[in-house]
Structures are given as structure tokens and as C-alpha cells.
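A.B. asks: Below are the chains, spelled out letter by letter.
Number of protein chains: 2
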Amino acid sequence: MTASPSPRPATKEKPKLAFRPLPVPQVDVHGFWGDRADAVATRTADILYERCVEARMLEQIDPDRPSPGIVIPFHSPSPDEADRQGAEFTGSTVTTQMFWDSDLGKTIETAAYSLYRRKNPELEKKIDAVIDMYGKLQQEDGYLSSWYQRIQPGKRWTNLRDCHELYCAGHLIEGAVAYYQATGKRKLLDIMCRYADHIASVLGPEPGKKKGYCGHEEIELALVKLARVTGEQKYMDLAKYFIDQRGQRPHYFDEEARARGADPKAYHFKTYEYSQSHRPVREQDKVVGHAVRAMYLYSGMADIATEYGDDSLRVALDRLWDDLTTKNLYITGGLGPSAHNEGFTSDYDLPNESAYAETCAAVGLVFWASRMLGMGPNARYADMMERALYNGSISGLSLDGSLFFYENPLESRGRHNRWKWHRCPCCPPNVGRMVASIGSYFYSLADDALAVHLYGDSTARFDIAGTPVQLTQASRYPWDGAVEITVEPQAPLEFTLHLRIPAWSSSATLEINGEAVDLEDMTSDGYAAIRRSWKKGDRVRLDLEMPIERLYANPEVRQDAGRVALSRGPLIYCVEASDNDSRLHRLTLPRTAGIEAHEAPELLGGVVTLSATARADAGDGWQDGLYRREPPASVETRLTAIPYYAWDNREPGEMLVWLRDG
Amino acid sequence: MTASPSPRPATKEKPKLAFRPLPVPQVDVHGFWGDRADAVATRTADILYERCVEARMLEQIDPDRPSPGIVIPFHSPSPDEADRQGAEFTGSTVTTQMFWDSDLGKTIETAAYSLYRRKNPELEKKIDAVIDMYGKLQQEDGYLSSWYQRIQPGKRWTNLRDCHELYCAGHLIEGAVAYYQATGKRKLLDIMCRYADHIASVLGPEPGKKKGYCGHEEIELALVKLARVTGEQKYMDLAKYFIDQRGQRPHYFDEEARARGADPKAYHFKTYEYSQSHRPVREQDKVVGHAVRAMYLYSGMADIATEYGDDSLRVALDRLWDDLTTKNLYITGGLGPSAHNEGFTSDYDLPNESAYAETCAAVGLVFWASRMLGMGPNARYADMMERALYNGSISGLSLDGSLFFYENPLESRGRHNRWKWHRCPCCPPNVGRMVASIGSYFYSLADDALAVHLYGDSTARFDIAGTPVQLTQASRYPWDGAVEITVEPQAPLEFTLHLRIPAWSSSATLEINGEAVDLEDMTSDGYAAIRRSWKKGDRVRLDLEMPIERLYANPEVRQDAGRVALSRGPLIYCVEASDNDSRLHRLTLPRTAGIEAHEAPELLGGVVTLSATARADAGDGWQDGLYRREPPASVETRLTAIPYYAWDNREPGEMLVWLRDG
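Protein chains in written order, with my numbering: chain A, 377 to 1038; chain B, 377 to 1038.
By construction, these hints were calculated from the structure, which means they are not laboratory data.
Nothing here was measured: the structure is a model prediction, and the numbers come from that model.
Hints are not guaranteed to be accurate.
Identical copies look the same in the list; a pair holds intra-copy or inter-copy alike.
Claimed, not checked - Derived lysine to aspartate or glutamate pairs resembling DMTMM-like cross-links, with alpha carbons at most 20 Å apart:
(1) K512 <-> D440
(2) K646 <-> E978
(3) K495 <-> D776
(4) K796 <-> D538
(5) K531 <-> E1006
(6) K531 <-> D411
(7) K703 <-> E1006
(8) K586 <-> D630
(9) K703 <-> D1000
(10) K662 <-> D414
(11) K912 <-> D824
(12) K662 <-> D694
(13) K703 <-> D996
(14) K912 <-> D698
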């Protein structure tokens, strides 16, 4: 048995200025995110575990039980079948999936972060039992995959393209790191270090090793986390190898297919764009293929760019970022419009009702954006992280933390409703772990700087140059743009505080200890940089004007032509049937209509609604037919919009983000 | 071998006033429909036969060749698969379909009608050879199904629900009737009479017979044709039985499933609404399920309503007609929005880009509407027949007669293009036979009346009370609304001439032998009824005002909200990329814009285009992102529209029917 090294920072040949997110336990969130995190800690974390049990995942990993043996492949022969199974988890069918380990990994990760917020000894005990099963399951050589050991024995390392083998390892690694940090228990971490060592013995650049990498990226960013927590450079190097090798010629997936006697052309998804392995990553300039895979790849690339100071990766990432954000992103921060490949189609193709916009993809965009901030504060990335966080990602979780969306459309006829579970249950634990670790997205720390990316009631604890500092935000954000920050170093301490000035704010003002400061001079890349010697009780007040905005899409987006969306601060709004008398497609929001914001503390856990006097097409005089020469009459009506993330938390009904602009 | 009776009119217990379409050879069409019919006679008819050969259909029916044996079921496991196969017929795969007989039946029917227009001895010889194969294939007892004899032997009459057994018989009957009428050759007619006799010996109301009917309606209307051409009431009665029995309890499809050891609930389409057998036909009040099946059923019901004077069927048909035309019909006369069931979804659900609107369904609506006219002239039906004829049905055939659409969307991004063939090749011969027999839709004849349903250059020959009459229309219709009709009875003759006054015409004037006549007094149900003693050379001039119209959809149709469509006379228009500078979704047609009609004799075989000064969203200033606070600037542009039926006959490009209304 390989001894696992002690946790310590990864050593690098040449240290770089790198910003790393604050670890989860160092940030307490309250207010908006506190409510979300409470829902996860009190409900979602337990639900995830229970659903995994109901789905009989434990039967797959537990060597003391008979193997479930019944295999229903992920790509079901019939879309109906998929719909039916996806609609509601019944518990009556044993569906064994090749990616169960990943769902358990994310469930462990969600549970781990939730333990910081709320002690939960019952859940911790259950997770320990799962970890014990993995301990028993692990083979002598370190190999660990419940699918390949229990369902498809003898086939390990024969199909990296399709079978999520390294992807599962990645999620278990992330779960292991989080659980170790939360509980101090090393067992899963040790297991995963041994497995990572085994992976490095099989795959890698050295002669005699397979030149493979995973068809579903994930292990890259997981190995970075493992390297950071263990201090082992070898894991970082393995992550870099996976990034560097991807898409090289001869193509590994071709060779691997031939090796197992298959025709490489008989590939379900037809193009390696599906897994972003169509060309080496540094040559990629379009976001393509499966959206979650893309986001995880770019996240790993960003980590490696930061850790190795690799500008060639950074250049590629910026091209990809441009491509995503100027041509292929929903206004909600959702992405990947098509169910066909769970991913990207063509530029400016952003259908609203049929939007796939998988919860995992928006969560993945948060991951990527936050890692781009590792290379220094830049609102280009942080603004988009905030957009995806407040809209297209948390829309995937019901307000009470118990129900989930897989797809996040921007228009609904009322039949797209949250479900208890999904046969491909990737999204619930993904949004769960993101919300439960939200504090680490608020702040990132460099050697002598702290960057504040997100605003909201919270307290952060960190060290700079060995001096402990506490930073407290008091704010009603996102409902109000006033943020009061108190900085409390244990001793006076010089460092730079970077404060993000969101692009949505039409004007911002800054006061330090009551004195106005000219923001313009100190702001670059969308962040105000306040360098000073901080002492206990220093107060910074940032006032972000939070106007209600009408937003219009690039006219290349045909689905949004003649339409307008509403936003206020970081929130995108939608209209829902519950708040509006008219059928939603009949509404037109006149350009001249004044829009008002109202506090609604009793509504949807407390929100600010927007309302305006609008016009509605009248239904009179259509008894005789579908079509006529006279346009519908127009009547005055009141339109009320709610934040998009909160939709479908009441009775089922229509929803619409892009209103007719009149 | 059963002797086939001589052709003579069907005898009925009580004769009714019934209008029957003029037989195809009694009408010569010129002008617009002459061009279409020429394309079918000179190209489509031969192409259909050749494609059937390339698809290796003859190998299935020819007993002298080995059975093809390779079965690829219609409902392919993967939609990709279906797409790939549907996109282009390659000839390299043997796909054997249970409905090949129907495609050959319709191909024979198209060839038959085309022979009136153009002698084609080579094609006639080939059809004769196909008929010889069917002659050899027919079993001693009269049974005839290439699928059940050659591919699934021993299973006849075990799955009427799914396997198109009677549907195939119906299309071969229609082909037999048409071929007999066109060539005088009785061979296929005799074959099909023997088969119909066999069917009547197996299925029917009498004790000991199966109480079945076909999952895909078609044989009902075919048996009516067979009864009319042979004069055999037994075929009419069998058709009526199929109509009457449909949807009765206990449900035949349930019993049949159990008889073959299957669970009736394990039905792919889940509901018998799919085949309109969810309840007895007289109790039906919603158009449901597979759209082509529905149209064929209603056609058969209309025939039986006419032949038996059955008002209970007529009442049901009128309910269904209302439901279709006021809630479930595209403005093009297309119908059945969903690919999932090739049919209807919910009221007012009429998506444009994803519209299935199968060519066969619009052709089926023409069939139904024309049969509703059997109960007397009524523009309620004829207006819709014209709408479907000029728009959503012939859009399925390229102008040169060589390429086809299966789906007829109302919006395209330029990737929906005509194909050579389809693995389910139902549409090409369906639109082929409809166009080749167009003359019979122009006119229908009762004992002492002739109804003119459609206008356009044509000559009709018919007898009334034993006196031959020739009626000639001179008109540039549909480009111009002036119609000059000359009536030439061999001897003076009293009868009623019914002339349709289309609903789209804002005003119409009538002159008889140069004298103005007050239309209002003589018009009922949308037809002017001119009763007089006609003598040679009598001239009727009808002037239909043909304004350019803006049409608006019922506001319940969310997909058309804020949109406007253009029409002129019977034609619905669309904009296509070829004629417009701007991306089509960027265009807005102001309500105040004047719209002009222009003759374009060189364009698309000669059309009238519509054009107007419109606005287009400008693409400036969007370098930095997808969304911004300022709406797109608006620039003036010229919009040009062409008739919808003619789209996708040039280079591939975008197409749009419903323009933004501004």
C-alpha cells in the first residue's frame, strides 16, 4: 500500500502570481446565498444520498453484495424511453450506469461542504460507509471503478472515449478532497491517491504508457485539486499531460477503437468535436460539442495555465471565451442549446423553448470563469460567473432544495417542471456542490492581495503574509447594490483589496472610511484596486447603482428578434403565468413603459419583482377561424416579472424570458 | 378464379343528390396546373418508378426472385439513423418496408393519370411487368401482400394495428382503378377485386369473421372507388363496415394483440388516438393522431356519408372540420405539427420551423375537402381545398417534378432541402398522383348540375341527362382573378352551374353573355348558382378581385404572435434568402407599408412576387457581446416575397412565412 503524502501546498519550479479561491470553510455566507446554501445543507445533501440509494448505486459499488448486472445503457434506443425514465425516478427499475461513481463522488462533495454549514452525523456516517465500500472495492494495484470491476470486468482501459472511466475517477477525487477538508478523514483521499498513482502508471507521456485521456473531461481539474491538497506535483503533471495530449495525432480514440476491434468511424457522435478532442487544445478556437465536457476541459486548462504560467493556454482560453460569450451563450448564462449532443450547435443559435442549457453546463461555466480569475481579477470573467451563478445554474435547484431541472429553457408552456431525480443524475449533485461551496467563489487570494468577486452578506477569514484577516460584507445584494465591507487584520497589514465593479452597474461610488474615492483612477479590468495598509475596522462602502435594464440580443440571434429581456443587477427576469393574467406570448412590453421594482418579501423566499403596464393581444372575434385580415386588438394589462432562477417553484404554468418588444 | 364484374355505376337503395368529381380524362388543364401536371407526366412519373426499382421494391414483390429478407423496421431505433437514411436515398442498402405495396400502388396511379397527358409506352410496359409480378404473387385464395408473403410469411391478419396490411391493399386498389381507367387494361383491377373479395371473406360484420380494420386508414376510400368503377355494392358495404367498426368496444387491436401473445399496452404510440380508433367515428370531435391517417379516414367517411346519405357521419365530419380549420391548421393548409406522431398535438400548437406538415397530410386534406363537396357545393370546404392545393401540398414537389419534401415547414434556416427519395417514400407518389389527377378536383357533377370548384385554364367534358357538354375556362388564375367560361352543350340543356366565390376575394362580379348579374342573390354556401337553359357559346365572366392581404393568426397561436403573413388570391407567400438582402428574422414589415405585386415571368416558372419597403435590424455595434441595453438600429430595406409553394427551388437559403409585424 502506497503511503499518501501529507497535505501541503504544491511546489512549483517558478512561483507565479496566482489567485486561488478561498477554501470553503473560510467563508460564511448569509443572505441570498445563505438561504440557498441552507437549502442544500438541510435538504439537498440528504436527498442526494437517498436518491443514490434508491437508484441502487450502492449495489454496484459494494463488493459484499451481488452485482446488479442489469445494464441499461445511457444512450437509450428511444427518446420516448429516455423521456419516460427521465421524467420521474420510480425506484422500480435497476438502471446501472457507467457513471454512478461520479454521482457518488459529487454527492460526497456536496455532503462535505454542507457539513461546514450544519453538522449532520447521520449523513456523515452514511458517507463513511460508502467510502468503506470503495475501500473494499479498490484492487491491489489501486484500480477503482465500480462499472469496470462489477459490470464490465476485464475491459478496463479499453474505451476511454465513451465510458467515463477517468471522469468517474475525477469526481471521486473531488469528493475525496472535499471530504478530507471538511472532516479531516483521509480514507477516501488515500484511496484516490493510490488510484491516481495507478492511473499515472498506465497513462502518460512516458514510453510504454498509453497515450490516452478521457472522452469526458473532469479528471484534469480534479488532479489539480489533488495536487493542491497533497502538495504532490506528480498529480499536477498528470493533469497537464491530459491537457497537452488531448487531440494529438495519431488520435488516441482511433487507435483505441481499432485495438478493441471496432471501427473508429462507427462513433455515435460522429465527430471528436463532441469531446473537444478534434484538435490539440491550444489550437482550438470554437466552443464545440458537449457543453459540460467543454466547460470542464476549459476549467482544467485554466488551472494548468495558472499553475504553469502557460500563456499558450491562456491565449487559447481567451479565444474560446470570446467565442462562447459573443456567439453561444444564453442571457441566463445557460449554454449548449441542443439535446442532440447536449451541447453547442452553430453560432447565434439560441432557441428558447427547446434550450437544453443543462444545469451542469452553467455550473461548469461558473467553474471555468472562477478559474480564469486565477490569473488575476478581471471582470470579463467575474461578470459572466455572476450571470451564470444567479441565473442559469441555480435555476436547476428548487428553492427548497428538493427538486431539480436538467434542462433550463428560457420559455415554457408550463409542462417543463422540476423532477425528483433523473436517470442521468449529474445535475442535482453538481448544483448542490456548487451552492454548498459558494463561499469559495466570492473571494480569491494571492500572496498580497484579496479579490472580491461576488457581493453579499458574508464573512471571510484568510491569512496574508502570515497575518490573519477577517473581511465582512454587509449587504442586501442582489436586491440592493449597497455593500459595506469591514476589514479586520489582526495587525496592520499592507495588501491590495480588489473590488469588482460589475458591468451591469450604470454608476458606482466608493468610500473608504467615509471618504469618497475616485473609482475611475483605480479601476482596471473592471476591478477597483485598493492598496493600503489596512487596520482593524477599516470600512469600505461600495454603492452599485442597480437600474432595471431592457436587454436586447444581437440581431443574429433569430430566436430573440423583436424581443426584449429584463434585468436588474445580476438577475435576469422572466414572466410566469402565476403573476400575469394574459397568456405570455400575447404580451408586448412597450419601449415607453416605465418599469418598477417592488420588494416582495413573502414571494418565492423574498424577491424583488419588476412590473410595467404592457399591452396584450385580445382574443375577441376569432370564433370562425385561425387566420384573418385584421390584427388582434390590443388591451392594456399589467406585466409582472420575477427573477428567472425562481421560476417553476409554484403551480406549473407558462414562463417567458424574452418578451415581445413594442 | 373469381370473375370480375363489368364496370358500371354502383347501385344504391335510395339515390341521393351526390356530386362526384369528374374523371381525370374528362378535364384538360393548362396554365398553372398544366405546368405542374406536365412536370409530373414528363419527369415525376418515370422518377417514381425508377426510385422504386432502386429501392429494390420489385425484389420484394417478384416471386421469381429470392426474397430480400433484410428487414429494417420503419421505426428505427435512433433518430440519427432515420435522419441519415431519410436525407438521401443511396441505393446501397436494402431496406425492406412493410408498405412497399402502397408505394407501388401510388406509383401506378401516378403513371396512369400521366398517360392521359403524355403517351409513355416505356413506362406503361414497366408498369405492366409490375402488374404481372403481382399476378404471379397473388395466392390461390386471393390474398396479396408482398410483405406478408415474402418477408413475414404465416403472419397475415395478425397485426392490423401496425402493419399496413389493408392500407397496402387500398393503394393497390386505387392504382388498379386508375390504371384500368387510363389504359383499359383490367389485369390489376381483376387482381384487386379478387383480393377485395378475399378481404371481405375474412373481415366483416358477419358472424365468424374478424372484426378488424386497418391501423392506417386508406382502404375505405379505395373500396369506394372500386365500388364506383365496378358497380359492386359489396365493396361499398365493406368500406362502410370499416368505417362503422372503427373504435368499437371491445377494441379489436386489444384483442388482436392478445391473440398474438402481446400486451395491448405495449403499444409504441401509447394511444389509439394515433390511428383515430380511440372511439367510434361518429363520436369523434377532435382531429387527433397521425395526420395522414386522419385525413384518409375522414375522406372515407365523407364518401360513405355521400353514398349512403348518412347524416350522422356528416355531423361528425363537420365537427372534425371545425376542429381542424379553427385550431389545428397551418396557414399553408399544412397540418400535423409534430414529427413524433407525424400528427396533431394540442390546439393552436403550430410551430413554424419544426412544422412536420407532411406533404401527404396536405394532400390528404385535399382528398377530404374534395369529398366533402360530394354532399353539395360549399365554399367552406372548397376554399380550404384550394388553400392546401396551392400551398402546403405542392410545396412538396420541386417545380421540375424531380425532388421532394416530406416535411413542409413555414420557416427554414436554409438546411431543409428537397431530396431525391426517402426511406418512407409515401409523399412523392402522393403529390404526384394528386397533381396528375388535378382536373378531377376542378369540377364535380350531379344529375343536373356542374360545380366549378377551382379556376384556371381548362376544358371539361361531361354529360348531363345524356347530353354532352364542353366547358372551357380561360384564365390566368392564380395570377389574375378574371375567369371567362364558355359553355357548349351539344344541344340546349337546362342545368345549374355552381361557381365558387372564394372567401379571399374582397369583391366579385359576374356577367352572363355580357350582362352583369347580381351575385348576392344567387350565392349560397359561397357558390353562385346559375340555373338556365344553356346553349352553345354561352359565356360567363367572373371577375374575382385579388387583393394583397396581410393575414394575422389567432392570438392563441403563440408561434405567430406579433407576426404577419402575406397572401394574394389562393397563394400564401414567403420570403426567401435569394430575394432579400437581410437575414429574414431581422425584417419587420410595417403595417403602413404599401405592398406591390409584380409579374415575374422568368422567375420560378413564372410567378407574381410581392414587395414592400420594410425595416431591418442593423448588425452594427455588436462586436463585444451578445446582449446590450440599446435595441438594434433599424434600416430601410426592400422585402420581396414569392409564393410559398415555389420555395427551395433555387440555391439553399432561409425561408420565412410569418414576418415580424411592425
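A.B. asks: Please go over all the hints and tell whether each is borne out by the structure.
C.D. replies: Evaluated hints:
In this assembly of identical chains, K512 and D440 lie within 20 Å of each other by CA distance solely inside one copy; the values are 9 Å within and 66 Å between copies. When the C-alpha separation of K646 and E978 is checked against a cutoff of 20 Å, the pair qualifies neither within a copy, at 50 Å, nor between copies, at 43 Å. Proximity of K495 to D776 under the C-alpha cut-off of 20 Å is restricted to the intra-copy arrangement: shortest distance 19 Å within a copy versus 75 Å between copies. For the identical chains of this complex, K796 and D538 are neighbours neither inside a copy (27 Å) nor across copies (35 Å), given an alpha-carbon limit of 20 Å.
In the homo-oligomer, the alpha carbons of K531 and E1006 never lie at most 20 Å apart, since the shortest distance is 67 Å inside one protomer and 57 Å across protomers. For a Cα distance limit of 20 Å, the shortest separation of K531 from D411 qualifies neither inside one copy, at 45 Å, nor across copies, at 64 Å. In this homomeric assembly, K703 and E1006 come within 20 Å of each other (Cα to Cα) only across copies, at 18 Å, whereas the closest approach inside a single copy is 38 Å. Taking the shortest alpha-carbon separations for K586 and D630, only the intra-copy value of 13 Å comes in at or below 20 Å, while the best inter-copy value is 56 Å.
In this assembly of identical chains, K703 and D1000 lie within 20 Å of each other by CA distance solely across copies; the values are 10 Å between and 43 Å within a copy. Within a single copy, K662 and D414 get their C-alpha atoms no closer than 38 Å, and across copies no closer than 49 Å, so neither meets the 20 Å cut-off. Proximity of K912 to D824 under the C-alpha cut-off of 20 Å is restricted to the intra-copy arrangement: shortest distance 17 Å within a copy versus 107 Å between copies. Within a single copy, K662 and D694 get their C-alpha atoms as close as 11 Å, which meets the 20 Å cut-off; across copies the closest is 55 Å, which misses it.
Taking the shortest alpha-carbon separations for K703 and D996, only the inter-copy value of 15 Å comes in at or below 20 Å, while the best intra-copy value is 40 Å. For the homomeric pair K912 and D698, neither the shortest alpha-carbon distance inside one copy (41 Å) nor that between copies (78 Å) is at most 20 Å.
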